[in-house]
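Residue numbers (numbering that gives the first Met the number 0), protein chains in the order written: chain A, 0 to 106; chain B, 0 to 631.
Possibly wrong hints are sitting among the right ones.
Some but not every residue of chain B turned toward chain A, in silico, with C-beta under 10 Å [what the hints assert, rightly or not]:
(1) GLY611
(2) ILE614
(3) PHE615
(4) VAL618
Derived from the structure by calculation, the hints contain no laboratory data.
Nothing here was measured: the structure is a model prediction, and the numbers come from that model.
Note that CB positions come from ideal geometry on N, CA and C, so glycine has one too.
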Amino acid sequence: MSNSILDIVHINNYVILASILFSIGVLGVMFRRNTIIIFMCIELMLNAVNLLLVAFSTMHSDPGGQVMVFFIMAVAAAEVAVGLAILVMIFRNVNSVDVNILNRLKW
Amino acid sequence: MENLLWLIPVLPLLGFLINGLANKRLSVNISGGIASLSVLGSFAISILLFTQLVANPEMVVQADYFQWLRAGSFELNFGFLVDRLSVIMLLVITGVGFLIHVYSIGYMHDEEDHARYFAYLNLFVFFMLLLVLGSSYVLMFVGWEGVGLCSYLLIGFWFKNTNYNNAAKKAFIMNRIGDLGFLLGMFLIFQTFGSLDYDTVFTAAQLMQFDVPVLTAITLLLFVGAMGKSAQIPLYTWLPDAMAGPTPVSALIHAATMVTAGIYMVVRSNVLYVMAPFTSEIVAVIGLVTAVMAALIGLKQTDIKKVLAYSTVSQLGFMVVALGVGAYTTALFHVITHAFFKALLFLGAGSVIHAMGGEQDIRKMGALKKALPVTHFTFLIGTLAIAGAPPFAGFFSKDEIMASAYVYSPFIFAILAITAIITAVYMFRLYFLTFHGAFRGSKHQADHLHESPSTMTMPLIVLAILSTVGGFIGMPEIFHAPHFLKEFLKPITAYADSYHFGHVSHMFEYVVVGVTLVVLALVIYGTHNKYVTKAHVPVPESQLTGIQKVLANKFYIDEFYFNLFTRPMNVLSRFSYEWIEKGFIDRIVNSFGQLTNGASGLLRLTQTGTLGFYIFGMVIAILVIMLFKFVI
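Take these sequences, add in the hints, and give me the full structure.
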């Protein structure tokens, strides 16, 4: 396939979009207190990277990027499973999903 | 005979090992028996060697065992050399040593640490034998150091008493000071002659010129060692303090053997000393001053052992004077006779102390001759011997020393004669105060007075016999009998004899003998009068004044040394501890710990526990890495 879509929507737009999405994800992980929201922001970061990978793959006509996306999606799924399991255990112990409650591993 | 030579020192070493390792498992009699038998074995072999050497004047028994040191061109073999000089010393050491070991069985009967005592005693005999058997200065030095060590161990035998420990330390440290001189002398010998074997050094020395400066230096340095070991001025103060040890130890080490090591060393090196007249003069003067000073101090001592200790220092002074005037055989003669009668006197004193239940102050004794007949009689013989009464042993050796001194310098002879008179005075003072007059002790002591057991009295009797007949090995010419000792030692002193020497006239000898008899009679009468008839008892030190106070306080030499050496050393030590150790080094070392603590105190502040802070850190880190990667 030719780079038809990239003639219409320039690669720069994809890069900017992915960067913005990634930054939103990073800021969300840093500043949100709800653990579930933090998980969602992590997913957001991963998906931003996915998007960028696909865009570059189309640009270079290299299927390698899309293969990588598959891997990332699989890993993200597994990670979410484990993360949610941990979250449930934490909730059972402290009855809250606020991240700032878990601060006893300090000096 | 060479194949038995190694047994002589090894037997006491075995005794040391057995007694030292078996320790509390052996009873007094068994451990003492083992110790005594080992020394007896060495004595038997020494007798065999002696008979061989008597038959053959030029014979020397030698055995090299292994090559000990090799450094470049310097080689040293570990070997023994037994010539006529060594064999005499061997006989004295093992013979008197055996008697003292037997005596110790009785004396230390109630001591629970007896195995350690006999182990140390055997170790001492081992080292002393090494000293006299060695074929080189290095082996002599091994024995020299070893006997110093054993002296320390034995003086501080009752180590739970701090004063005894201090006395032991004093003895060892003073010995060490002398040893420094000895070592320097050895270095100089090596540098001059290239070897430290007796054979090599003495044959090479005879080829040198008379009165060469290097020989003077060597002999002076070696004599410094002798000053420490044989308790001459200024290194003599350890010997009276050494009386803190058990009495047989005082008898063996500080009367008969160890202190004579210095004399032996000079006699062995007579080739060197006869070629260094300046040193010989210094030796004679030091010996003279020591003899006089110690005799004067002995006049005013009230502890039975201290009197004998100062007497030993004084008699050693006599021997050293003999060395200084070149009469090496005479010095050795006095060593032998002194070993007999001084060991006898010390053992007798031990018997008295044993009977008095540990009392050593003669002011609390008196009238002991009835309760201790054997001790009394043998002690009397010892006193007569040391005072120089004919025909006892001390008369002949002392007479010979004074005659040789007269040839060298009449002034020295005069001072020696006065010292001999003082010797007689303080010895008879001791004798009369202890054994005659009225008993001045407590009732408890009077009830417990008893003669010592036969293990203690037999050695006394043997030594008394030796003190009586021992002088006959060296009769002066006027008695028309051969001087056995001089003949026997001719091969040893052959070179030195070639330098000598005047002889005193027969008239002089007769006069000296006559005057000795008269003066001795006067002294005995005078002391008997003062201490028995008039029952004068020495007053406590606090009541003394003037010259008597100075003498009783030993010329204040101990205090002088304390202020001159010990005090500054203590100040320096305290300064080093407070300012350098605690103030400086400790501060540096501690600062490392404090630094670590401070740094960790700061670093732990990063562990806040909040998740957001950690993620923030991660993000910042990634940004910084990317910054460095793409911008720089």
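Hint by hint, which ones does the structure fall short of?
Of the numbered hints given earlier, the structure breaks none, since each of them holds.
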